[in-house]
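Heads up, the sequence shown is in my numbering, so the first residue is 4 and it goes up one at a time.
Be a bit skeptical, because a hint or two may be false.
[Said to hold, decoys possible] Beta-carbon label-pair distances, calculated as ranges:
1. Thr36 / Glu259: 18 to 28 Å
2. Asn459 / Asp336: 15 to 25 Å
3. Glu240 / Asn177: 51 to 61 Å
4. Gly496 / Thr96: 29 to 39 Å
5. Ala404 / Pro165: 17 to 27 Å
6. Pro115 / Val558: 31 to 41 Å
7. Asp523 / Asp290: 44 to 54 Å
8. Asn459 / Ala169: 19 to 29 Å
9. Pro115 / Ala270: 34 to 44 Å
10. Thr189 / Glu259: 19 to 29 Å
11. Ser224 / Asp461: 20 to 30 Å
12. Pro262 / Gln29: 35 to 45 Å
13. Pro165 / Gln79: 39 to 49 Å
14. Ala31 / Pro364: 22 to 32 Å
[To be verified] Okay, derived cross-link-like pairs now, DMTMM-like style, lysine to aspartate or glutamate, Cα gap no bigger than 20 Å in a straight line:
15. Lys314 / Asp505
16. Lys314 / Asp336
17. Lys398 / Asp541
18. Lys314 / Asp280
19. Lys171 / Glu229
20. Lys415 / Glu365
21. Lys398 / Glu365
22. Lys171 / Glu83
23. Lys314 / Glu365
24. Lys415 / Asp336
25. Lys415 / Asp290
26. Lys171 / Asp148
Don't read these hints as lab results, they were simulated from the structure.
We put the CB at the ideal spot given by N, CA and C, even for glycine.
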Amino acid sequence: MKHSFPATLILGGITLALLGSAAHAQEAVTGGTLRVLGTAEVDRFDTATPATANVGKFFRATTRQLISFAASTDPQEQIEPQGDLADAVPTATNDGLTYTFTLRQGANWDAPDGPRQLVSADVERGMKRLCNPFIPAPAVTYFEDMVVGFAEFCAGFAEIEPSAEAMKAYIEENDISGIETPSDDTVVFNLNYAANDFVYLLTLPVTTPAPIEVLDYLPDSPEYRENFISIGAYTVESYVPDTMVRLVRNPAWNVESDPLRNAYVDAIEIVAGVQPDAAMQQLQSGDGDMLYDITVPPVTVQMLSMQGDEKISTLAQGTSRMIWINTVSENNDGALRNPLVRQALNYAVNKAAVVQQMGGPEFATPLNGIFPLGILGHHEFEPYPTPNSEGNPEKARELLAEAGYPDGLSLKMPFRNAGTGAAEAQVLQASLEEAGFTVELVPTPASDFYPRLITNFDNALNGVWDLVPSGWSPDWPGGAARSIFQPQYTYDGTHGTFNFSDYNNEEANAVAERALTTSDLAEAETLWNEVDTIVMADPPTVPLISQTTVLYHGVAVENFLPYVAGGSGDWTNVWLNR
């Protein structure tokens with residue numbers, strides 16, 4: 004086996020079903036501008052801060068990590084970690100506790116004074132920025148316990164004034180003891196315990212190295228964006244908020260030092276403010292090329308499939324949707340803290356109707372646990388069974404009465420007012436009201452929904468919402484149960500950006516720890532099944548569906564290769580025939 008980590012973890016992970024061949028055996032063409040259409044803008048430029056899953060497409064073009072994934076139509080190749088800024092995926096030593104990386108030569112920053120070779124100090128600096136006290140990254144929880152000295156470094160960082168000057172001084176004057184930089188081209192990670200997914204963690208954008216210059220600015224501040232420094236195939240040429248980001252090929256980048264990106268197009272324009280119907284029309288007319296955050300409407304998918312359109316494909320990447328339940332507010336005298344009420348919500352929802360609203364069983368399937376299809380840990384079980392997944396309003400009313408609410412409850416449910424958000428909210432409202440819940444729908448602009456509403460813990464604490472429909476994609480392909488469980492379903496005293504109500508279950512945590520350290524795939528799967536069962540016995544969420552991503556592109560796009568970690572085609576590998 005090539006790597007020390009269990010590559011078999013990825014089996015049964017991500018699958019690709021092509022309705023037609025979108026990648027053509029033609030000679031590559033360099034040049035042109037790729038137009039990517041979206042409703043919302045790119046919400047983050049900085050990899051060290053919280054971001055929506057869609058930003059992974061932008062990061063694929065503008066950043067690089069030690070390890071990454073290839074864009075490919077081969078399902079197995081899609082999910083095999085490969086050397087990116089590292090020249091290879093290393094074999095762990097010291098009983099699985101030590102990973103040594105050799106950096107790829109020719110990987111350059113577009114620094115203000117000209118191209119500059121990546122060095123090991125940049126890798127450590129990038130890791131240090133994760134727990135900055137200004138906007139800490141949720142993914143820091145992955146590394147705090149795992150990497151030697153990471154928790155101590157972050158504890159000290161938390162005491163620092165969140166100013167650029169103070170944070171720069173702390174980063175430059177303190178080290179993470181478990182990250183060694185013995186030479187400019189070598190970086191060593193020492194772990195507290197063997198972790199069977201550490202190499203996968205290093206594919207996350209948050210692990211992107213950082214040049215010294217970025218410490219002069221607050222993370223993702225206007226100054227950071229104005230002075231953007233790229234190590235990726237593209238860099239930012241211009242940015243008009245809520246309108247467009249224009250990327251151009253990075254002059255410091257060269258294809259010889261990048262085994263995963265070809266950068267055929269000269270420029271990429273990510274255009275915001277485009278509605279789904281208009282975006283599809285532009286793709287079909289040739290005025291647009293690819294989609295950013297837009298879901299192809301189910302009716303359109305069915306029509307294109309019937310027409311045999313070769314530009315459409317589907318990608319199952321472990322994406323799911325659920326309803327989060329606010330257990331920390333005093334709304335209704337804290338009624339949602341009662342497990343019986345949360346169980347009633349799980350019985351109430353008509354998941355089959357949500358599947359139909361998403362386009363039918365080709366595009367979604369009912370989900371009854373926290374791990375969706377394609378993720379190690381998914382298993383078929385029904386802790387709250389209902390006929391044909393259509394909900395059981397009578398059982399829900401019975402539980403509400405037992406909990407002391409025979410007349411039901413009134414709840415506020417904001418929803419992301421973009422794409423299928425409104426239609427989904429109406430389906431949920433209908434089934435919940437049949438079960439005795441009165442639901443007030445609160446439409447929320449897409450640009451506010453995640454960054455300003457539900458990732459702000461004060462809004463949960465103050466009862467701004469009771470229920471909130473949300474989605475989740477695993478942070479990496481393959482064995483990604485950790486990237487679902489830890490950021491959403493664990494709480495260590497620090498409010499997690501994506502654990503919307505500080506859920507925590509020590510029994511589940513203990514089982515998850517065993518699942519992450521075993522080298523036996525079958526045992527890991529059984530343990531993740533157990534975690535799922537424990538969480539759903541005291542549910543903080545109502546799982547809704549496992550979702551399939553539908554991919555579509557414009558008539559001028561050639562070499563459309565799915566990049567599973569971004570849930571889309573890879574901007575850096577397409578070319579244009581116009």
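Hint check results:
no.: 1; hint: Thr36 / Glu259: 18 to 28 Å; verdict: holds, 24 Å
no.: 2; hint: Asn459 / Asp336: 15 to 25 Å; verdict: holds, 23 Å
no.: 3; hint: Glu240 / Asn177: 51 to 61 Å; verdict: violated, 35 Å
no.: 4; hint: Gly496 / Thr96: 29 to 39 Å; verdict: holds, 34 Å
no.: 5; hint: Ala404 / Pro165: 17 to 27 Å; verdict: violated, 49 Å
no.: 6; hint: Pro115 / Val558: 31 to 41 Å; verdict: holds, 40 Å
no.: 7; hint: Asp523 / Asp290: 44 to 54 Å; verdict: holds, 53 Å
no.: 8; hint: Asn459 / Ala169: 19 to 29 Å; verdict: holds, 24 Å
no.: 9; hint: Pro115 / Ala270: 34 to 44 Å; verdict: violated, 21 Å
no.: 10; hint: Thr189 / Glu259: 19 to 29 Å; verdict: holds, 21 Å
no.: 11; hint: Ser224 / Asp461: 20 to 30 Å; verdict: holds, 22 Å
no.: 12; hint: Pro262 / Gln29: 35 to 45 Å; verdict: violated, 21 Å
no.: 13; hint: Pro165 / Gln79: 39 to 49 Å; verdict: holds, 44 Å
no.: 14; hint: Ala31 / Pro364: 22 to 32 Å; verdict: violated, 38 Å
no.: 15; hint: Lys314 / Asp505; verdict: violated, 42 Å
no.: 16; hint: Lys314 / Asp336; verdict: violated, 52 Å
no.: 17; hint: Lys398 / Asp541; verdict: holds, 17 Å
no.: 18; hint: Lys314 / Asp280; verdict: holds, 17 Å
no.: 19; hint: Lys171 / Glu229; verdict: holds, 18 Å
no.: 20; hint: Lys415 / Glu365; verdict: violated, 31 Å
no.: 21; hint: Lys398 / Glu365; verdict: violated, 29 Å
no.: 22; hint: Lys171 / Glu83; verdict: violated, 35 Å
no.: 23; hint: Lys314 / Glu365; verdict: holds, 17 Å
no.: 24; hint: Lys415 / Asp336; verdict: holds, 14 Å
no.: 25; hint: Lys415 / Asp290; verdict: violated, 40 Å
no.: 26; hint: Lys171 / Asp148; verdict: violated, 24 Å
Checked against the numbered hints given earlier, this structure breaks hints 3, 5, 9, 12, 14, 15, 16, 20, 21, 22, 25 and 26; the rest are met.
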